[in-house]
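K.L.:
Here are the chains, one letter per residue:
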Amino acid sequence: MSMKGWSREQMAEQVALDIPDGSYVNLGIGIPELVTKFVPEGREFIYHTENGLLGMGPAPTPGQEDPELINAGKKAVTAEPGASYFHHGDSFTMIRGGHIDVCVLGTMQISQHGDLANWSTGAPDAIPAVGGAMDLVAGVKTIFVISQHTTKTGISKLVSTCSYPLTGKAVVSRIYTDLAIIDIKAEGFRLRELAPGISFDEVCAKTDAPLLPPLLLPPIANEKRE
Amino acid sequence: MSMKGWSREQMAEQVALDIPDGSYVNLGIGIPELVTKFVPEGREFIYHTENGLLGMGPAPTPGQEDPELINAGKKAVTAEPGASYFHHGDSFTMIRGGHIDVCVLGTMQISQHGDLANWSTGAPDAIPAVGGAMDLVAGVKTIFVISQHTTKTGISKLVSTCSYPLTGKAVVSRIYTDLAIIDIKAEGFRLRELAPGISFDEVCAKTDAPLLPPLLLPPIANEKRE
Amino acid sequence: MIDKRIKTVAASVADIPNGATIMVGGFGEAGSPTELIHALIDQGAKDLTVINNNTGNGEVGLAALIGAGQVRKMICSYPRSSHSKVFPELYRAGKIELEIVPQGTLAERIRAGGAGIPAFYTATTVGTPLAKGKEARLIKGRDYVLEYGLTADYALIKCEKADAKGNLIYNKTARNFNPIMCTAATVTIVQTREIVEVGALDPEHIVTPNIYVDRVVEVAQPVIESQLIAKGVQYP
Amino acid sequence: MIDKRIKTVAASVADIPNGATIMVGGFGEAGSPTELIHALIDQGAKDLTVINNNTGNGEVGLAALIGAGQVRKMICSYPRSSHSKVFPELYRAGKIELEIVPQGTLAERIRAGGAGIPAFYTATTVGTPLAKGKEARLIKGRDYVLEYGLTADYALIKCEKADAKGNLIYNKTARNFNPIMCTAATVTIVQTREIVEVGALDPEHIVTPNIYVDRVVEVAQPVIESQLIAKGVQYP
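Protein chains in written order, with our numbering: chain A, 516 to 741; chain B, 516 to 741; chain C, 3 to 238; chain D, 3 to 238.
Simulated from the structure, these hints should not be mistaken for lab results.
For lysine to aspartate or glutamate, the following EDC-like pairs were computed, each having C-alpha atoms within a straight-line distance of at most 16 Å:
(1) C:97 with A:640
(2) D:163 with D:204
(3) A:552 with A:536
(4) C:75 with C:49
(5) D:48 with D:99
(6) C:48 with C:155
(7) A:590 with A:580
(8) D:163 with B:583
(9) B:552 with B:533
(10) A:552 with A:528
(11) D:97 with B:640
(12) A:519 with A:693
(13) D:48 with D:17
(14) B:590 with B:580
(15) A:519 with A:717
(16) B:684 with D:145
(17) D:87 with B:640
(18) C:75 with C:99
(19) C:87 with A:640
(20) C:75 with C:155
(21) A:552 with A:533
(22) D:163 with D:196
(23) C:163 with A:583
(24) A:684 with C:145
(25) B:589 with B:548
(26) C:163 with C:196
(27) C:163 with D:206
(28) B:552 with B:528
(29) D:163 with C:206
(30) C:48 with C:17
A short, non-exhaustive set of chain A residues, derived as facing chain D with CB atoms under 10 Å:
(31) 536
(32) 537
(33) 557
(34) 596
(35) 597
(36) 598
(37) 599
(38) 601
(39) 604
(40) 654
Think of the CB as a built atom: it goes at the ideal place given N, C-alpha and C, for glycine as much as any other residue.
Bound-form chain A, shown alone (with noise of 0.2 Å):
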């Protein structure tokens, strides 16, 4: 069986694979959780998590789970060597003082302009809920996006303009989705690189917003360009 498009692993992978050796990195919930089972040979992040702890660790082995240790997504963590606890306003002078490399969030919609919409459908009987997902993505230094390319029903999530409620405007760097990786430039959506098995004009066909090819210059020429 040929592999078509990226399974969530794989997703999480390209985008470990983006970040540098050091960064400090907050990973919301879901997949972007996934992402600290690939980190490439050499390199070491360190995680944040918005309610307290620097340097955390990942799921404890059944039995060991302490209530006090816990994460974001109220799920218990461990704590690597070197970690430490603070409180809350301490923490988010960690995002919101720019000292965060790397947020990776999941999505609901996105725009070409990196507009991002993850934290309500703005349903009328919606209450809203928002968490730290503002306070992210206006404070971290690189907003990663991972997701599905659509929604169950093959809705986009990638669109001209949001219809849902912003969480933050021109905010997003990258969009990792099952079928490519997609840099959100001041042209717009422009393609990075293609799953294994999935077409442009796939991709084109799924993203409700125009979609730039690649830009294949070399840097050598780029420099000569210059």
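Dock chains B, C and D against chain A, hints included.
P.N.:
Leaving out everything else, chains B, C and D in the frame of chain A:
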């Protein structure tokens, strides 16, 4: 020899008598520091120093000084049991946030409206140096001033309007001088108590603003008038 | 001499009046002062405004306080919960108000309230529906909104160890909102696993200096909310 | 893997360019990174803006840096010193600029700079000459002025113990401005009495989490400024 007026120590003692048990207290440099010697029996004050110590104790015995355990005047101090260290941001959270009960400061001038001028003469060649005084008067609940009534050349420090640059506007509650204890009221300087051997007329003569006599109505009479 | 110890949780919350604004520490169940909240349910104060990141779990602690109809308004970042229907039902029925504040802005507003900062600018919520009605300002080329400091009449706090003077240390991520809430309330009431001798806590390690604490009550073996929920406990 | 250790103080400050803005930790001599400052004197960067509560003592440390003519502008609360004539002479000669900021506002501006708060309101300086030129605002019946966050290109920091990842703890009142300055600089350079194993510092006791620290250099026996001054030492 009959006593006339209060000594520096006696001024400090009068201040100490007016500080309730359990108060958090910040003492300015100079005469205010003497307050620690006169804490009334059965009372406990906890001393704060701006440079990051709550629970400051007295100067260490000579030879026991630690250059990394100092007060805001940069003199060696000690830490009492129950003391804590914190950074400057947190230290001024205590001050600006209204958590310190009493601050005792020296002064150059004080007006009948409670304006304090204790940081600069405003002379053209003076190098401005304000330290934490403006933060203290803006943030501490009760500001007591302790000072000689006049300068060495006999000029009143208690004035109608300060001619020196202000440290804070309408911030002082009470003044303790060598001659008297004077409240700052909406109506101006109001005598509270005379030092031994000092007459009301003498204090009036040495005060460069109207001085009102003490309110002599007993509390019971006051209640009846309500 | 200074001794802030109180014998019982009931006595520690006895004076909280109807209409009070109360900060409640904890993030999820970690650092949640469940015994103090239960004492407040027993006490019965009504018409409360409660500030907490969430709206409680199951039918114990904060969720039970809300369920008892004692809370008029919640200020929080994330009122959803996987184990609680209490808040959503009251909210949909129009029986409780909600002020939604992003988690970092909530933390900073509390910190500002405690630090005597009446208002500050932040980029959080710019360009989103939560910026609606907020004063906007361009500073050095970036858009910000104005946010106001938050204070409260009371704070209900949980910590690991305390001394009689009110110095506190916490356990791991149970620290969360507790230290900043201590600074922002007029009266800070603390439940602690252990009361230690004054001087037993290293001055370098104290997280909440005693100036922020008014009452300390020992709760040696606090309940764990998730265990109560697993057992189906409803308070009271 | 993450290892922020640098072998020498000279290497740790080698890249500081002319015109840099530098936060220098310490209050008086306590917590003053004297060896880092001396390395900066040796390095020779000029036209610096320096943020420190004071202007140094005697003719060593910050006073020596100022005396060497490397500082264009000082931002501080209290430029007077009983043991130093360096700053007053340059100031009166018009050779150095001074921005005077109340101590608490200085601390809060640094804290705000590190916390992504571009500006905040405070009551400090209201009604005084230092409020001149500041935007005023009435909030809930009280007057405030607007103050802006401060950031720097570099911070020079002294601490007691550090690990290779850059976690820090301090000693007593030598903590002072150091932790907040760590948060507000693009590059934070730390001299520490001791470098310990990663994991040797208790996660509950770390004052500066490693995210704020870029370079750590061990200075096992730092000079004590007051002792140098007593001996009449002039640097270099």
